[in-house]
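Student: Using the hints provided, position chain C relative to the given structure of chain E.
2 protein chains.
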Amino acid sequence: MLYLIGLGLSDETDITVKGLEIARTASRVYLEAYTSILLVDTAILEKYYGREVIVADREMVESASDEILRDAQTVDVAFLVVGDPFGATTHTDLVLRARSLQIPISTIPNASIMSAIGSTGLQLYNFGQTVSMVFFTETWKPASFHDRVRENRDIGLHTLILLDIKVKEQSLENMARGRRIYEPPRYMTVGQCASQMLEVEEIKKEEGEGKHGVYGEESLAIGAARVGGKTEKFVSGTLRQLCSADEELGGPLHSLVLLGKRTHELEHDYVREFAVDKEVWDRIWKRDYEGQQ
Amino acid sequence: MLYLIGLGLSDETDITVKGLEIARTASRVYLEAYTSILLVDTAILEKYYGREVIVADREMVESASDEILRDAQTVDVAFLVVGDPFGATTHTDLVLRARSLQIPISTIPNASIMSAIGSTGLQLYNFGQTVSMVFFTETWKPASFHDRVRENRDIGLHTLILLDIKVKEQSLENMARGRRIYEPPRYMTVGQCASQMLEVEEIKKEEGEGKHGVYGEESLAIGAARVGGKTEKFVSGTLRQLCSADEELGGPLHSLVLLGKRTHELEHDYVREFAVDKEVWDRIWKRDYEGQQ
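Respectively, the protein sequence lines represent chains E and C. Residue numbers for the first sequence follow UniProt numbering, so the first one is 1 and each next one is one higher. Residue numbers for the second sequence follow UniProt numbering, so the first one is 1 and each next one is one higher.
Only chain E is shown next, with the shape it has when bound in the complex:
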């Protein structure tokens, strides 16, 4: 059996009892470690499960999946995924490969950022499609997220923005010399995301895309840090304010929610509590959001 086991969002005790039992007894245990991270080291997981955990990087999952699936027709193989196995990253390719090899599959779900973001107090019913934000470079500023945000905004919905992480990056020099030396991991912050969003909106304006932008410096949003963890933290404010909220939010992982106009009073009361500046928040809320949809 191939078990796809969600680890939840924070530490080693966020696995379900069912998942833990399998992680402890399976023949081999892999940890998918390239699309998200747990806030604890693999060594802590190994100690907690009392066994070896094989870290599966992108290359392994994509090109050595048959090694992961070896003998899974008869023995149990556990594939651990941070969050939910079918959350932000799906592993349909691995499952399709397992199916073709007649390997039975079982999924142990867990919290995903895509549902846990409900702890902002915003109803999940009022979220539109989720988008991702990647680290911009001088020459590469992909703006496809902007269209998705617009689609959500047009029908009054909130947008959850998942922020890029970079693990196992090589410097150009190390790559050229074939040295397997990796840069320290990088996690996008709410501040970086908000600032990139404003940059894209500026570019879109210069390109002449309509008089009214999709969002702006005074759009209301919520920065979220370490959702589901003991040090979970939310900060709400305008995008401009969130550009400098990283210190208050603290360490990774961060996510951002852009507020939609279909917001109930109760949701508003809840989110207002996290405001950087309640007066600014109330003024913009009344002017641009309240009763708009």
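The hints are simulated quantities; they were obtained by calculation from the structure and are not laboratory data. Watch out, some of these pointers could steer you wrong.
Since the list gives no way to pick one copy over another, a pair counts as held whenever it fits inside one copy or between any two copies.
Said to hold, decoys possible - SDA-like mimics (lysine to any residue), calculated; alpha carbons at most 20 Å apart, straight line: (1) 261 to 148; (2) 261 to 131; (3) 141 to 213; (4) 278 to 291; (5) 261 to 147; (6) 230 to 99.
Tutor: Chain C only, in chain E's frame:
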């Protein structure tokens, strides 16, 4: 401390290790039991936690929340919620009340149907807003979901439809006589939902809402049963076919996903596997979905 603890979707072992520890040691443990159900009895939970579990019905949570929160400034109170505490049903009102009483709050997230539905193989990124379907009566057929489905469809997104459950219903006679006798719980099936959807589309047509409906008998959809449980089951087909798929799907809880046109080839391969009739599925997929967005 008030702990809001997600129980996950299926049985007593779907709680996280962190959540279990709190459920075993808190001063009082409540189980929210009116918006969703676990597939096991409360007695099984009590045995598993080794303690009493107080079932909190809607009336208790809404009008006796101060009893739930009693002394939570100094002792630990656990409030257990099926799925995730901020998933399909949010408990913002309870949390707002706790905040006003200076009670510290901690959330232990878990799988919610709103993310676990990713196990259909459809990417969560391609889902729009989630909607609910209630049991229709002769005189009450609320169709607000229809507008939401249209909004999602117009931008090519899938729609997750959560299906009604009725617990602690009284017959009119028992209610009139003040007898606290409750009808057996009712769980809406995929077949009932698909059939109600076609009914609403028919009504909308008669009311002259445009020539083209939002969906129809040949719209592709996926019925899901007991997501995240050992007997999880998916059946895909047209809405007409799903009207009679209940036997194949088996017992509660059911959900339904209406397929959007922004569907990747890999998602399609995955979902096709569950088709009632692969030939019908392929024909409609090629005609109405493939390459449409």
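Student: Each of the hints needs a verdict: does it hold here or not?
Tutor: Each hint, compared with the structure:
1. Taking the closest pair of Cα atoms, residue 261 and residue 148 come within 20 Å of each other both inside a single copy (16 Å) and across two copies (15 Å).
2. In this assembly of identical chains, residue 261 and residue 131 lie within 20 Å of each other by CA distance both inside one copy and across copies; the values are 18 Å within and 17 Å between.
3. For a Cα distance limit of 20 Å, the shortest separation of residue 141 from residue 213 inside one copy, 18 Å, qualifies, whereas the shortest one across copies, 39 Å, does not.
4. Taking the shortest Cα distances, residue 278 and residue 291 sit within 20 Å of each other inside one copy (19 Å), while across copies they are farther apart (47 Å).
5. Taking identical chains as interchangeable, the C-alpha atoms of residue 261 and residue 147 lie at most 20 Å apart whether they share a chain (17 Å) or sit on different chains (17 Å).
6. Taking the shortest Cα distances, residue 230 and residue 99 sit within 20 Å of each other only across copies (17 Å), while inside one copy they are farther apart (38 Å).
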